[in-house]
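These protein sequence lines map, in sequence, to chains A and B.
Numbering-wise (this note's numbering), the first sequence opens with residue 1 and increments by one.
Numbering-wise (this note's numbering), the second sequence opens with residue 1 and increments by one.
Because the hints were derived from the structure by calculation, they are not lab data.
Don't take every hint at face value.
[What the hints assert, rightly or not] One-sided excerpt, in silico: chain A residues whose CB lies under 7 Å from chain B:
1. ARG212
2. GLY233
3. GLY328
[Unchecked claim] Beyond 10 Å from chain B on every Cβ pair, some chain A residues (computed):
4. GLN67
5. CYS119
6. VAL152
7. PRO187
8. VAL201
9. ARG217
[Said to hold, decoys possible] Reference excerpt, derived from the structure (chain B facing chain A, CB under 8 Å, subset only):
10. ARG77
11. LEU233
12. PRO234
No residue lacks a Cβ here, since even glycine has one placed at the ideal position from N, Cα and C.
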Amino acid sequence: MGVEDPEFSSASSVAKSKRNAAGTVRWLIGVLGPFLGLIVVIGLFSFLTRDTGSFLTTYNWRAIAVQTVVVGTAALGMTMIMITGGIDLSVGSAVALVTVVVACLVRDVGMAVPVALICGVLVGGVCGLLNGGLITSLGVVPFIITLGGLKVFRGLAKWFSSSTAVYVPGSAKPSWFGTLLAVEPKPDWLIVAPAVWVLLVLSLFVAVWLRRSVLGRYFYAIGSNEATARLCGINVPVVKLAVYVLAGLFTGLAGILQFLYLDGTGDPTTADGLELQVIAAVVIGGGSLAGGEGTILGTLIGCLFMSVLNNGCVHAGISNASQDVMIGGIIVAAVTLDRLRRKGRD
Amino acid sequence: MTDPDVVMEMRDVAKAFGASRALDGVSLTLRRGEVHALIGENGAGKSTLMKVLSGAYRPDSGEMIYEGTPYAPKGPRDALARGVAMIYQELAIAPHLTVEANVMLGQEKSWRGFLKKGEHRKLVSEALGLLEHAEIRPDAIAGSLSIGACQLVEVARALVSRARVIVFDEPTSSLTEKDALKLFGVIERLRSKGIAIVYISHFLEEVRRLADRYTVLRDGRTVGTGLMRETDLPSIIKMMVGRELGELFPKSSREPGDVLLRAEELGGRKLPRRASFEVRRGEVLGIAGLVGAGRTELVRSIFGLDEVKRGEVSIGGTTLSRSDGPKQRMALGLALLSEDRKGEGLAVRRSIEENLTLSGLEKHSRMGWLNLGERRKSARNWMEAVRVKAAGPWQAVEKLSGGNQQKVAIARLLHQDADVLLLDEPTRGIDVGSKAEIYRLIDEFAKSGRAVVMISSYLPELMGICDRICVMTRGVLSDSRATSEWTEHAIMEVATGG
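Produce the complete structure using the sequences and hints provided.
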């Protein structure tokens with residue numbers, strides 16, 4: 001075989017840079033779509049709150065950033081799962097379970113808070129392992145397995161906590177406890193809460209990893225065409241298991257952030273419906289329920305979109321009932337517009 | 001084997017699934033730099049044999065020698081690693097990924113889990129260059145490429161894995177004429193690089209043009225092998241079906257009657273641009289043309305599935321309104337056989353009887369309730385009439401061979417009492433035996449005083465069974481001429497731009 005035939009060496013550098021430019025443009029268009037939606041929503045709420053002016057303040061935007069952290073962290077995992085064509089409905093319940101387990105470990109076992117937090121992340125990983133293990137071994141669709149997880153994890157959280165909130169004693173909280181999610185962080189130059197920076201750094205890492213690693217590429221390949229992935233010798237069950245465990249770890253991280261957000265409370269009823277917010281964020285960011293698509297940047301924009309909606313409705317003084325109707329409508333409209341736009345481009 | 005030219009030798013390979021013996025002692029010898037045609041009807045064992053070769057199945061008995069050493073791949077991955085690659089009929093492409101990612105899928109070069117993209121790009125460019133298709137860019141999204149280009153991506157995948165045996169399974173069945181010619185060029189180049197190529201195709205003319213040697217399978221056995229240039233097509237067909245085919249194209253004398261379907265200056269949103277024709281009772285009208293010329297769009301707009309912008313359609317003298325959907329048109333006797341059998345033509349997971357009666361359920365129902373016994377009886381009758389080979393009417397359509405699936409799809413049109421059949425590629429991807437039976441059905445249908453409009457890319461069959469033929473070129477339909485006034489060459493000339 002003469003694959004290394006010199007006459008067929010790679011194309012000239014001019015053509016190469018042109019190609020890269022085309023790729024960049026395509027990527028920009030993909031990302032800008034959700035971004036435009038975000039700008040429209042921001043414009044809308046700025047208009048609705050023009051009298052009070054409470055929406056477009058630095059403080060409020062810092063608050064929005066903090067409110068985005070939990071959804072954003074969970075959405076990193078969900079993005080990976082949805083790229084493989086799967087879904088995880090158990091995220092909200094797993095987050096609640098994590099807060100309860102961490103709180104119980106500190107209050108009842110007397111574990112140091114940092115150790116308990118690490119255990120919390122691992123609990124998320126175990127939830128993912130259960131989901132992924134059942135999906136690959138039973139061959140039942142992720143929707144059903146994780147629907148089961150949604151009930152089971154919530155039930156476990158209630159069981160461990162005897163269905164009441166578990167408060168961590170103030171003496172057990174280390175000094176940094178409240179600062180991680182402080183809306184106005186302590187050295188001023190941080191601008192936003194440390195946890196927001198953690199999310200941003202993690203996102204950057206995951207984004208690069210998805211594009212540049214073998215496993216990341218397998219996620220896209222399985223979501224795009226599972227049969228092809230199998231034919232090309234990819235061990236599909238193992239990769240799927242990996243994605244659920246990885247995503248579970250992110251859910252665990254979201255869980256401990258939620259625990260911090262609740263100021264050290266293990267609440268078995270918290271994060272109810274979080275999974276739907278997360279899924280909406282991924283889809284608004286360009287992800288597809290059919291798999292093969294989705295980017296971390298898009299997902300982050302989607303998360304911000306969701307936070308801005310929730311926050312903006314409060315500032316605009318929209319009643320709770322109208323909020324739900326409005327948010328639902330806007331999600332459907334945003335995703336529909338995005339699909340139409342993409343169809344037009346093809 | 002001592003012959004250094006022999007790359008792969010399969011001897012007395014057998015494989016059974018339960019009681020049915022899919023392979024019953026097959027032998028196949030592949031030589032370096034040859035195109036070896038593997039011929040046989042559907043169900044003859046070609047696919048099973050190739051699955052054994054590519055590691056998807058393990059044989060029950062027999063031996064395989066690959067480059068002088070025993071060969072028993074553990075799976076497709078293992079076979080690929082040893083140099084045996086398969087180009088699948090249903091394209092094995094991940095549409096969201098780039099060409100580069102698709103070519104390197106499963107054979108990534110990496111450092112600590114991270115991809116070496118530079119090396120990837122180089123390997124992919126080299127492989128595509130070797131195929132003389134450097135115009136396919138490594139960072140193009142595979143889903144945006146034509147089917148032909150996707151196939152080349154698969155071939156590039158095989159090249160990067162340094163395959164020495166490449167199996168092509170029905171590679172041209174969904175290609176345009178132009179892409180098929182490109183593919184033949186690629187195969188020539190692979191052959192000149194010393195790669196052994198197994199070529200499976202129902203298009204015997206194509207096989208004859210391309211292959212150096214052939215092996216014919218029937219009922220899981222090798223029934224013949226030899227040099228292509230020393231054999232003629234009729235004797236190959238005879239080996240395939242085990243009998244003289246006699247009249248492959250039955251054509252009884254038919255007298256054209258009244259005009260049954262007429263289209264005048266028909267134009268759609270994009271395609272067709274302009275099409276006029278009429279077909280009379282007792283006639284079979286053929287529509288030739290390249291894939292993408294607008295033939296499918298023409299029959300779809302006649303059937304009310306695609307929007308009509310200009311022109312008129314009338315059935316038996318009744319002029320149709322543009323807002324009439326398939327339901328109204330079916331009531332007037334129109335019926336359409338989709339070119340996309342699995343995607344559109346049939347609900348493949350449902351049973352034969354459900355599929356067969358779906359468009360005529362009102363016949364077996366009263367006040368919305370189905371008479372299941374009557375439906376089954378009717379399904380049985382039609383299965384017999386079109387000779388569907390199946391365990392029974394309850395069997396899922398996906399369990400049938402392509403030919404039998406197509407017979408079910410046609411039986412559905414007959415069951416709904418159609419007067420005009422619009423058949424879009426009715427014999428694509430099915431075996432010769434089933435083809436012959438479909439030709440017989442078409443002939444009988446026309447003989448009973450009804451009419452058929454048939455689209456086909458396979459010219460010999462159009463020439464064989466149509467009374468008149470017109471040609472679609474870039475959305476414009478030519479006037480029809482009697483088949484006797486056409487030659488294959490003349491049709492191709494009109495089709496390719498005339």
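Need the list of violated hint numbers for this structure, in ascending order. Of the numbered hints, 3, 9, 11, 12 do not hold.
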